[in-house]
Amino acid sequence: MFFFYDWTMLIVLPALILALYAQAKVSGTFNRFSKVYARSGLTAAQAADAILSQNGITDVRIERVRGNLTDHYDPRDRVLRLSDSVYDSTSIAALGVAAHEAGHAVQHAQGYVPLEVRSVFAPIASIGSNAAIPLFLLGLIFSWEPLVTVGLVCFSFAVVFSLITLPVEFNASSRAVAALSGYGYLSQEETAGAKKVLSAAALTYVASALTAILQLVRLFVLAGRSNRD
Numbered sequence: 001m002f003f004f005y006d007w008t009m010l011i012v013l014p015a016l017i018l019a020l021y022a023q024a025k026v027s028g029t030f031n032r033f034s035k036v037y038a039r040s041g042l043t044a045a046q047a048a049d050a051i052l053s054q055n056g057i058t059d060v061r062i063e064r065v066r067g068n069l070t071d072h073y074d075p076r077d078r079v080l081r082l083s084d085s086v087y088d089s090t091s092i093a094a095l096g097v098a099a100h101e102a103g104h105a106v107q108h109a110q111g112y113v114p115l116e117v118r119s120v121f122a123p124i125a126s127i128g129s130n131a132a133i134p135l136f137l138l139g140l141i142f143s144w145e146p147l148v149t150v151g152l153v154c155f156s157f158a159v160v161f162s163l164i165t166l167p168v169e170f171n172a173s174s175r176a177v178a179a180l181s182g183y184g185y186l187s188q189e190e191t192a193g194a195k196k197v198l199s200a201a202a203l204t205y206v207a208s209a210l211t212a213i214l215q216l217v218r219l220f221v222l223a224g225r226s227n228r229d
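Residue numbering for the sequence shown follows this note's numbering, beginning at 1 and increasing consecutively.
In case anyone wonders, no lab produced these hints; they're calculated from the structure. Ideal Cβ positions, reconstructed from N, Cα and C, are used throughout, including at glycine. Only true hints are included.
Distance windows between CB atoms, simulated:
(1) Asp88 <-> Glu145: 50 to 58 Å
(2) Ile127 <-> Tyr21: 24 to 32 Å
(3) Ser156 <-> Gly67: 30 to 38 Å
Make the full structure from the sequences, and use the hints.
Laid out in C-alpha cells, this is it:
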C-alpha cells in the first residue's frame with residue numbers, strides 16, 4: 001500500500017490538479033459553446049463530411065457513436081465517429097469537435113508523420129503501460145533490480161506515446177480551425193469560439209503527458225529509495 005500513499009505522490013500532485021482543471025475546462029467550454037449555433041446551419045456530421053470532401057477523401061465513413069465526447073477517428077477501419085451530443089448538432093462546439101476529428105482523417109490520408117509514428121507505437125505503449133506497474137511492484141517486493149528496470153522501461157513507452165500524441169492533437173486542431181474558417185463554415189467570431197473548445201481539449205492531452213512524466217519520475221524515486229534500503 002505504500003506505493004500509493006507515500007510522500008512521493010506529491011510528485012504527481014501538480015499533474016493531477018492540472019488534469020482535474022483540464023476536465024472541468026473542457027466540460028465548461030463545450031457546454032458553453034454547445035448553446036451557440038452556427039449561422040451556416042451545418043450539422044457537425046455535414047461539416048466533417050465537407051472537410052473530407054474538400055481534401056479529396058471519399059473512403060472515410062462518418063458514424064454516430066454513443067456517449068458524450070466519445071468522438072474519434074479510427075484509422076484502421078477508416079471511420080470517423082461522432083458522439084450523440086455532436087453528430088447532428090449545429091453548435092459551434094460540435095462543429096469544432098467534428099472538424100478536429102476530420103483533421104485526423106486528413107492527417108492519415110496525407111501521411112502525417114507524427115500520426116504514423118503514434119499508430120506504430122500505440123500497441124507497444126499499450127503493452128508497456130499495462131505491464132509496467134505489476135513488473136515494477138514485483139521487482140520492489142522481491143528486491144530484484146532487473147525486474148524494476150523492466151518496469152521502468154515499460155512505463156517509459158507510455159510516456160513517449162503521450163509525448164508523440166501532443167503534436168498529433170495540436171495539428172488536428174490547427175487543421176480544424178483553418179478548415180472551419182477557410183471554407184466558410186464558421187464566421188471569424190464563431191471560429192474563435194470553436195478554437196476555445198479545441199484549446200480546452202488540448203489541455204487534457206498536456207495534463208496526460210505531464211502526469212505520465214511525473215509518474216515516471218516518481219517510479220525512479222521509489223526505485224532509488226528501494227536500492228538504498
